[in-house]
Structure formats: structure tokens, C-alpha cells
Amino acid sequence: MLTIKNLHANVQGKPILQGIDLQINPGEVHAIMGPNGSGKSTLANVLAGRDAYEVTQGEVTFLGKDLLELEPEVRAQEGIFLAFQYPVEIPGVNNTYFLKAALNSIRKYRGLDELDAMEFLKLVREKMNVLHIDQSLLNRPVNEGFSGGEKKRNEIFQMAVLDPKLAILDETDSGLDIDALQTVAEGVNALRNPDRGIIVVTHYQRLLNYIVPDFVHVLSNGRIVKSGTKELALELEAHGYGWIDSLEPATV
Amino acid sequence: MSTATDTIEEFANKEYKYGFVSDIDADTFAAGLSEDVVRRISAIKGEPEFLLEWRLKAYRHWLTMTEPTWPHVKYPPIDYQNTIYYSAPKPKKVLNSLDEVDPDLLATFEKLGISLAEQKRLSNVAVDAVFDSVSVATTFKAKLYDLGIIFCSFSEAVREHPELIKQYLGSIVPYSDNYFATLNSAVFSDGSFCYIPKGVRCPMELSTYFRINAANTGQFERTLIIADEGSYVSYLEGCTAPMRDENQLHAAVVELIALPGATIKYSTVQNWYPGDKNGVGGIYNFVTKRGKCAKDAKISWTQVETGSAITWKYPSVILQGDNSIGEFYSVALTNNKQQADTGTKMIHLGKNTRSTIVSKGISAGNGQNTYRGLVKINSGADNARNYSQCDSLLLGDRCGAHTFPYIEVKNTTSQVEHEASTSKIGEDQIFYCKQRGLSAEDAVSMIVNGFCKEVFRELPMEFAVEAQKLLGVSLEGSVG
Numbered sequence: 041m042l043t044i045k046n047l048h049a050n051v052q053g054k055p056i057l058q059g060i061d062l063q064i065n066p067g068e069v070h071a072i073m074g075p076n077g078s079g080k081s082t083l084a085n086v087l088a089g090r091d092a093y094e095v096t097q098g099e100v101t102f103l104g105k106d107l108l109e110l111e112p113e114v115r116a117q118e119g120i121f122l123a124f125q126y127p128v129e130i131p132g133v134n135n136t137y138f139l140k141a142a143l144n145s146i147r148k149y150r151g152l153d154e155l156d157a158m159e160f161l162k163l164v165r166e167k168m169n170v171l172h173i174d175q176s177l178l179n180r181p182v183n184e185g186f187s188g189g190e191k192k193r194n195e196i197f198q199m200a201v202l203d204p205k206l207a208i209l210d211e212t213d214s215g216l217d218i219d220a221l222q223t224v225a226e227g228v229n230a231l232r233n234p235d236r237g238i239i240v241v242t243h244y245q246r247l248l249n250y251i252v253p254d255f256v257h258v259l260s261n262g263r264i265v266k267s268g269t270k271e272l273a274l275e276l277e278a279h280g281y282g283w284i285d286s287l288e289p290a291t292v
Numbered sequence: 218m219s220t221a222t223d224t225i226e227e228f229a230n231k232e233y234k235y236g237f238v239s240d241i242d243a244d245t246f247a248a249g250l251s252e253d254v255v256r257r258i259s260a261i262k263g264e265p266e267f268l269l270e271w272r273l274k275a276y277r278h279w280l281t282m283t284e285p286t287w288p289h290v291k292y293p294p295i296d297y298q299n300t301i302y303y304s305a306p307k308p309k310k311v312l313n314s315l316d317e318v319d320p321d322l323l324a325t326f327e328k329l330g331i332s333l334a335e336q337k338r339l340s341n342v343a344v345d346a347v348f349d350s351v352s353v354a355t356t357f358k359a360k361l362y363d364l365g366i367i368f369c370s371f372s373e374a375v376r377e378h379p380e381l382i383k384q385y386l387g388s389i390v391p392y393s394d395n396y397f398a399t400l401n402s403a404v405f406s407d408g409s410f411c412y413i414p415k416g417v418r419c420p421m422e423l424s425t426y427f428r429i430n431a432a433n434t435g436q437f438e439r440t441l442i443i444a445d446e447g448s449y450v451s452y453l454e455g456c457t458a459p460m461r462d463e464n465q466l467h468a469a470v471v472e473l474i475a476l477p478g479a480t481i482k483y484s485t486v487q488n489w490y491p492g493d494k495n496g497v498g499g500i501y502n503f504v505t506k507r508g509k510c511a512k513d514a515k516i517s518w519t520q521v522e523t524g525s526a527i528t529w530k531y532p533s534v535i536l537q538g539d540n541s542i543g544e545f546y547s548v549a550l551t552n553n554k555q556q557a558d559t560g561t562k563m564i565h566l567g568k569n570t571r572s573t574i575v576s577k578g579i580s581a582g583n584g585q586n587t588y589r590g591l592v593k594i595n596s597g598a599d600n601a602r603n604y605s606q607c608d609s610l611l612l613g614d615r616c617g618a619h620t621f622p623y624i625e626v627k628n629t630t631s632q633v634e635h636e637a638s639t640s641k642i643g644e645d646q647i648f649y650c651k652q653r654g655l656s657a658e659d660a661v662s663m664i665v666n667g668f669c670k671e672v673f674r675e676l677p678m679e680f681a682v683e684a685q686k687l688l689g690v691s692l693e694g695s696v697g
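Residue numbers (my numbering), protein chains in the order written: chain A, 41 to 292; chain B, 218 to 697.
Think of the hints as simulated: they come from the structure by calculation, not from any bench.
Glycine is no exception: its CB is placed at the ideal position from the N, C-alpha and C atoms.
Where hints are given, some of them may not hold.
[To be verified] Label pairs and their computed distance ranges (CB to CB):
| hint | chain 1 | residue 1 | chain 2 | residue 2 | range |
| --- | --- | --- | --- | --- | --- |
| 1 | A | 152 | B | 636 | 42 to 48 Å |
| 2 | B | 293 | A | 152 | 51 to 57 Å |
| 3 | A | 169 | B | 364 | 48 to 54 Å |
Given these sequences and hints, build the entire structure.
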């Protein structure tokens, strides 16, 4: 569903991604690991279409469309969801209202009828039960005053409601204690299905104990230097990121 | 790819939706101000002697005054001799029903989305429409009359209820109050008058739509609302004006009198022509609004100010009676070259008086937004309480937000709280919304509306919708 070919991108004129190649098929969970500054979050943000990230070379195809040509909101409407590393607070905007507006905007784009308040509420209740989300979270302003764990859970909850085709989780484990980590991971696992691709961007292997990936890619200096299955993550855990410096860049 | 900055840029460049001039004959004075002009205005209106005398006192006093320079706004000197002080639409005969109203005028209201006919039929709102300077239609009057409520044009009140005018006119805002209020006192042409008798709860929102029409005409309306003991009234004021090149001076005065146990809720949505994006044209809105609370009375001001080139207004409450309550909820938006210096004064005189101030300033483009507020606790105001909250939201990096809170406390048993914040719509907030599938313009609209929520919820329902739309309209066509 997603094909990345020789992707190069700059941040503030500085090359960060230097030739990424990646193929993701429906139903697959790919973990992208790497040390700080290797380009993991840049990749997530480039796929979502963030302004500050300038693509200098390469192509990205999503469900047959040239992804890089699309505005960020159109990418979202096409089915790409980014769970933010640092979810943004929007004071005064009710969480439920925000999510309803988002869902209906996506539905409208796809030529579906917009959900009315009752239908939306029914959907929200359904998803809340799956993810064990507290009702009070819904009535608060978007992320305002949320704890770190609540923010991340809210991201996963939004993902559940928006039902994306491709979900990108950007360091969803960062700042979470082990209990919160498990809760979030359970949520993600509940959303795994044969039609959905998931990219898990993480620094640590521990998240992958709970969200078990089909593939693991190690990123270093803006390139994927090693790809493998879930065992690669364990290997990496055992040797540390210093180990990958001794590896040659993966050949295409 | 559009950026947050583009969005803000486009937001700031939105077209004024209500710019048009309706072609109606106006009986208009030549420009200029003199004692003779004051006398002619009074004569046309057939005013009693006391009122002419009051106007003349104001005019003579005005000659000794100078325009204030303390507001945080800039504008070229106003030529008061090049301003027209009276303009009335023809025909001037008294109208008994909407059918008699000039069809052009009705069409104007249609364009504004304020069809009187529609309102009369469908809604529960009585409208006293001021078109330029003379009230042309008043609805629901009979229904209100049954309850003893007087809701009419100021001129009519002068004719029908001179004793009330004589007793209360200038009792809150004296003719010598300030430069613009004094000018208004000399030359005011018309306005609205409302009296709610003892113990009566006005069953509908009373609403006035003001509209400045004839070119180069200053509009000097005057509103006087008297809520007698234990009564309640909610009053709505909404405004739009056609597009103009010359700046138009607008100096209104509003006086509210809340007698013991009475409540007055006064809501304004102001959407006058703000000038073009280079700051050419637009209304100068220099307004004096003040109310006085007797014992156990309450006055609540809610305003949404999105128009005018310059806004200068401080709806205030004098909390004279014990246990009285004053409230001020404000949203002020400045775009392009708009400037606003607005806020409130809460004067605590009585014991156990309480006041609340919530001010939300939004600045976009090169807009300059100033909150200026005074909280004054006099020595007799035991256990007085005030809570003030001033929040500023900036869109883009060329606008400004300024806060000047003045606090004077002369009673140690009082409590005064002031909170202030300044934030900026971040690119990260807009990106977050876009990543969830929302367009940038929906994102900005949502964030701005969220910011204003505490004020919008104070507005009557139909106004709240209008206010949100007004901010929404600002975003129309802003992306893509």
C-alpha cells in the first residue's frame, strides 16, 4: 500500500533522510528503530506532510497515488494517520467535537454521509469500550491538561475512530511508564487488522514486546542499514546502537 | 503546500461581506457643526426645551474639550467640520407596518440577513431598526405594550415619555463625560429607548440593528435602558455597515439603569466595515457605554467586536448598590490594519459587590489589540470581589496584543484577581488538525472559536451562532 523509493529530505537545509526504500503491505506492522538523530521522526513527519520537512529526491506512492503531491489534510483523508510524539493541545476545543469534525471531513472526502451526533456518539462508545477510554477524556479540550499517558491514549483513541488505512506511531512509547505503555500497546493491537498497515517508530525495543512487528528496520544517518524480522530488535537490544555502525548500509 | 502563515495571511485578506450602498434618498444636512446645527436637529425632532438646552450645554462644553490621545490607536486628525451631523431617509412619515417601509431599505436588510419581515414572522425578536438616523420600523410593540414595556426609538420616547428622558438622560453618562460622549450629547439624532416596569421579565430578546448608510455621515445614536425594580431584560445590538472610502465617525452613547433587584443583559455583535487591507476607509467606533446598578441589581455586558477600523469602547458598570453584580465578556478581533482599544471599568462602591471580566483579544494581519480595564474598589465597598481574565491570541507575526489593567483598591476586605495570557496559533496546532483531515481554514476557525468559548456561551443563542459565523466568514475562501 505504501512504497517509498530513494527518499531524501532536508530539515532547515540539512539532509536528514538520505535514500530510504521501504515497502509496506496491508496487514503488516513495520518497526522503525534507530538512535537519536537517525531520521525516524523525520520519516514519520515527511509521510504526514509537515511543512518544515523538504523532500529533495525520491518518491512515495500510497494506494497508487503520489503521496508527496498531496496536502497533509488530503493525506489524512486518503487514510494516513500519524500518532504524534508530542500531541498538541487545543484549548477550548472539545475533544469529541474535534474528532467528529475530523471524521466527517474524512467521510465527506470519501463521498460518505456525515455522521450525525447520535451516530457519532454510538461509534465513540464502541471504540471507548475497546480501548478502555474514560468518558471524562472526551469532554475535555483536546489534550489540554492531559497527562503524558492520557495524550498518547487519546492519539490511539483518535486512530480507532478515524480508522486509517496506514497508521504511523511516532515514538508512542516515549514518556510512558510500563503500565501506560501496556495500555497503549493493547489499544494498538486491538486495531491490527489485515487491511491496515502500521509503522511503529521507536527508540527502544521494549514497545515491541507488546506490539510485535512483522518487520524491523534499523535506521542510521538517514538510511535503512538493516532490515529483518522481530528478532532483529532483540539483537539490537543486546548489542546496542553502536553495533549498527559496524554494518554496511543495506543494499537495495 | 499551504503553510500556517499562508492561512493567517489569507484569513487577514478576507473580503468584507457586507459592503454595499443602498440607494435611498436622504434628507441630509451640509457638513459642519455649529450651534445652529444643534438647534436644527432639535427643531426637526420637535424636542422640548429642556432637551435643546441640554444639547446646547453639551455643545458649548465640547468646544472647550480636546480629543483624547491616551488610547493605543493611531489615526489622522478628524475634521469635525467636514462631518455631516444629520441624515434621515425619506419618506419621513410615520410607519405603521413593514409594508410601508421603503422596499430598497427592506432589501438592504435582506442582504444583511436581517429580514424584519422574517424576524417578525418567525422569531421572537422585536427589532427597532435604525437606518441612518431615524427609526423606520418597530415590531412587536403591541405585545410589549401589554406588559407595560416601552421599546421605541429615542425620538418617540422624547415625544411620548419626556418625563423619563428628563429624569434619566445623562444620569449615567453626563453631557460633560468625555470628548465623544459630549459630541454625541450635542448632536445625537436617534437611538433606542427601553423601559421595563417593576417586576416584569421581558419575554423576548430586544434587538436593534444599527446601520450607517449615507456617505460621510457620522452616526450619533443614543440608547437608554431603564430596568425598574426586580425586572429583567436582555438586549441585543448588532451592526454592519456598507463599504466606504472615507472614514466614518461613530460616537454612540449607551446608558443602562438597573434599579434595585433588576437585571440587564446587553449583548453586542459589531461588524462594521473595518477598512480595506491597507487600512483605507472603515468606521471609527468611539463609543461610551456605562451602566449603574442599584442594590441587588446586575448588569452584564457581552460584546463581540470584529469590525471597525478603530474601536474605542469600555462598557462599564458602576456598582453602587450593595450586593450588585457587574460582568463584562468580550471578544475583540483585529485584522489587517484594524486597531482596538477596548475593555471595561468596574467601579465598586457598594458592599459585597462582585464583578467578572473575561476579555479575549484576537490579532491577525497587522491588527493591534489593546485591553484596557479599570477595577476600582472604593473605601465603602466591603467584601467586594473582582475576577479578571485577559487572554490574547496572535495569528501571524505582524500583529500586536497589549494589556493595560488598572487596579485601584481602597478597601482591605476586598479581593481582586487578575489573570492574563498571550498565545499564538501555532503551526503545530494547525498541522495537528490537518493531519486529522481538517482543512487549515477549519482548523483556524476551530481554534479561534475554542479560544472565544467562554464569551460565546454568554451570548443569547441566536447571537452565539451569528458570532461564530462571523468568525467563520472571516475564514471563507482562505485556503486553496
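Item checked: Contradicted hints - numbers only -> none
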